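Number of protein chains: 6
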Amino acid sequence: MKVTVSRKAHFNAAHRLHNPLWDEARNAQEFGKCNNAEYHGHNYELIVSVRGEVDPETGYVIDMKVLKDLIKTKIEDRFDHKNLNTQTSEFANLNPTAENIAVVIYDLLRADIDAKFDLKITLYETPRNYVEYEG
Amino acid sequence: MKVTVSRKAHFNAAHRLHNPLWDEARNAQEFGKCNNAEYHGHNYELIVSVRGEVDPETGYVIDMKVLKDLIKTKIEDRFDHKNLNTQTSEFANLNPTAENIAVVIYDLLRADIDAKFDLKITLYETPRNYVEYEG
Amino acid sequence: MKVTVSRKAHFNAAHRLHNPLWDEARNAQEFGKCNNAEYHGHNYELIVSVRGEVDPETGYVIDMKVLKDLIKTKIEDRFDHKNLNTQTSEFANLNPTAENIAVVIYDLLRADIDAKFDLKITLYETPRNYVEYEG
Amino acid sequence: MKVTVSRKAHFNAAHRLHNPLWDEARNAQEFGKCNNAEYHGHNYELIVSVRGEVDPETGYVIDMKVLKDLIKTKIEDRFDHKNLNTQTSEFANLNPTAENIAVVIYDLLRADIDAKFDLKITLYETPRNYVEYEG
Amino acid sequence: MKVTVSRKAHFNAAHRLHNPLWDEARNAQEFGKCNNAEYHGHNYELIVSVRGEVDPETGYVIDMKVLKDLIKTKIEDRFDHKNLNTQTSEFANLNPTAENIAVVIYDLLRADIDAKFDLKITLYETPRNYVEYEG
Amino acid sequence: MKVTVSRKAHFNAAHRLHNPLWDEARNAQEFGKCNNAEYHGHNYELIVSVRGEVDPETGYVIDMKVLKDLIKTKIEDRFDHKNLNTQTSEFANLNPTAENIAVVIYDLLRADIDAKFDLKITLYETPRNYVEYEG
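Protein chains in written order, with our numbering: chain A, 878 to 1012; chain B, 878 to 1012; chain C, 878 to 1012; chain D, 878 to 1012; chain E, 878 to 1012; chain F, 878 to 1012.
Okay, chain A solo, but in the shape it has when bound (with noise of 0.2 Å):
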């Protein structure tokens, strides 16, 4: 009897896209707008989807305060008001598109939630953008 279980979160950051690689034409080609280089941002709308069996004890497949708090350890604390490019370790040398901001998340977090639990990542770069990864 396995349960997904989903938690939102929430943080906003700045960012720039960008690749080293590549000269200032093909960058400015690739990533448009988004490439400026004095960074734009966005409110990260984050949710964390935790599956597995229900306790029969608890009623719970995770307790969600435990969930909301690790969320803010990991990720809030870390990425919340930052600039992603110059002040997270994460992004210094990679690109922070919604697609590799998803991966950091999860892998961020796969090392906190036993491994009896399937993991899933859905962020929202804006409302109408989105990404989702489950490892």
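In short, the hints are calculated from the structure, not lab data.
Quick caveat, the model's predicted, so the values are computed rather than measured.
Watch out, some of these pointers could steer you wrong.
A pair counts as met if it fits within one copy or between any two copies, since identical chains are not told apart.
Claimed, not checked - Only pairs whose alpha carbons sit at most 20 Å apart, straight line, appear in this in silico SDA-like list of lysine to any residue: (1) K910 with E930; (2) K945 with A905; (3) K942 with R1005; (4) K885 with N1006; (5) K885 with T963; (6) K910 with S926; (7) K942 with D932; (8) K951 with Q906; (9) K951 with R1005; (10) K879 with D995; (11) K942 with E1009; (12) K885 with E915; (13) K951 with F994; (14) K951 with R987; (15) K993 with R928; (16) K949 with D984; (17) K945 with I990; (18) K910 with T963; (19) K942 with T1003; (20) K997 with E1009; (21) K997 with S883; (22) K945 with A992.
Chain A is already provided as a structure; the job is to place chains B, C, D, E and F on it using the hints.
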């Protein structure tokens, strides 16, 4: 050509989380504010998803109005404006966590939905917490 | 140059609608399912709006973090995961309709918000029903 | 490392549900108000999801701007502010249920999206009814 | 102690924008795609707001259930799944812009809402366009 | 017969809150994480509301497409994917709080909207914080 059709519904209810096999201290520790003996409540947002072949005559997987009426009869009439712990047989001996409520709703609807269809329940307990169950 | 700033907050609570001066039949007739003696509940979505001059030094009408903390201390800590009828002094003798809850929240916050500011409360009882009060 | 990227789009259209092989009475019975001979309409909210490997050079699965432009050219320009029954070749002989519209949109986009990607269509006919199709 | 209570409702309809006093070219120029002779349609989201004194006996400004039923009888039953131009007397000779629809709804409801209350209509034509009218 | 028409728009930008007349300690104390020297960012959701008489010929207060294009030219093109502090003349010497951004947007649009209309700006900085300005 399988398509999934989903219908949203809504009910308001009171509940508390509690395990009668535990003493008060453990209940308080595990369930925190949700263990409040005088209950609290939620606007539960329910999504019922049915997956199957599109009927070439109607263009429907299942008539949404039939699905809407089934949700009303089997779920809303049973749980809306109720105290889940004290006024429903389903949770008389089952902790009404979002996980357990989703499983109960699945079982209640499964009986009336043709076995050729897959069924999935999504239940929002708050705008930030939700669960999914597919049997 | 007056601007209105608004902050959204959230609390879950149980309640019932009931007038102790009426007999059971009239309560049932007036309040229907909301009169259920065993309570039901809601996810209350609260918007607190403060209108005033923009401070030229900060660019703020009021520091949103201060407003957020005030809402937490005065409203969320008081009502979240509570039974409004049995566990709050405010509704011991006042019917906890959305209208009355909004007026109570207004009065609770008004005391701590400088008289130079206008205050407005918006309270969603469900996603389809809400009330507004401006004093 | 497969990631799913999704883009939301929007179109407004008129339609009616009708099966020309049935008589009027049966159409009325099966489709109810949706059979209205003078049409009704919807704001269709469309989500197009593409799943594939993240390109290590761009950090993209697919450029969202390319996807956005493709949805505009292939779907919005074709269906927006149209009468689906009388002004589109796709539904000249196909009942424009949400299910069939989703399948048609899938087929229209599939031709222009590299076969290495999975494609999924989600279509909201109203805020309470939606369908999903993955081919 | 005046409070505003609001109720959300919903109807789907087809319409076209057209001024019969203008020729085709001017209609096309002014109304663009909305002038399509074969109609298009919308999911109209309606909010009806009533402002008045809180009744000390009920704690209500107005019974939401009464308001909900009034909206159903006077508005939804009249406009839902209809072609506004060809199937309603209200828009037989009135261009069904969002502005005019809001005014018509106001007038229809005003007759049944006690003069001691203020009335306000909010009408979403799309998630990005809406109008408000207060008489 | 005055009606208010509203149009939603969107832009993403980076900013920091900072008062150059204060030292670092005071800036940190007043603006907290929002003072981050490397910037952070938001998805700004903008609502522009125009109130006026309904034109009997068109049934419009103002053509929404004209309003949409005006917002694009005057606001989105100026601020979208920009660093408000370093790449806009408007905030070169003005702290880009939500309050000040709303006032700037009002002033930018006011010049192009006929004086017979009232204008109101609503700006969401996050889904939980927003401001309103009416001149």
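Hints and how they fare:
no.	hint	result
1	K910 with E930	neither (45 Å within a copy, 24 Å between copies)
2	K945 with A905	between (38 Å within a copy, 18 Å between copies)
3	K942 with R1005	between (28 Å within a copy, 12 Å between copies)
4	K885 with N1006	both (16 Å within a copy, 7 Å between copies)
5	K885 with T963	neither (26 Å within a copy, 30 Å between copies)
6	K910 with S926	neither (32 Å within a copy, 23 Å between copies)
7	K942 with D932	within (16 Å within a copy, 36 Å between copies)
8	K951 with Q906	neither (34 Å within a copy, 23 Å between copies)
9	K951 with R1005	between (26 Å within a copy, 18 Å between copies)
10	K879 with D995	both (10 Å within a copy, 15 Å between copies)
11	K942 with E1009	between (23 Å within a copy, 18 Å between copies)
12	K885 with E915	neither (29 Å within a copy, 26 Å between copies)
13	K951 with F994	within (18 Å within a copy, 31 Å between copies)
14	K951 with R987	within (11 Å within a copy, 37 Å between copies)
15	K993 with R928	within (9 Å within a copy, 25 Å between copies)
16	K949 with D984	within (15 Å within a copy, 33 Å between copies)
17	K945 with I990	within (12 Å within a copy, 31 Å between copies)
18	K910 with T963	both (18 Å within a copy, 15 Å between copies)
19	K942 with T1003	between (26 Å within a copy, 13 Å between copies)
20	K997 with E1009	both (7 Å within a copy, 13 Å between copies)
21	K997 with S883	both (9 Å within a copy, 15 Å between copies)
22	K945 with A992	within (18 Å within a copy, 37 Å between copies)
Hint compliance for this structure: hints 1, 5, 6, 8, 12 are not met, and every other hint is.
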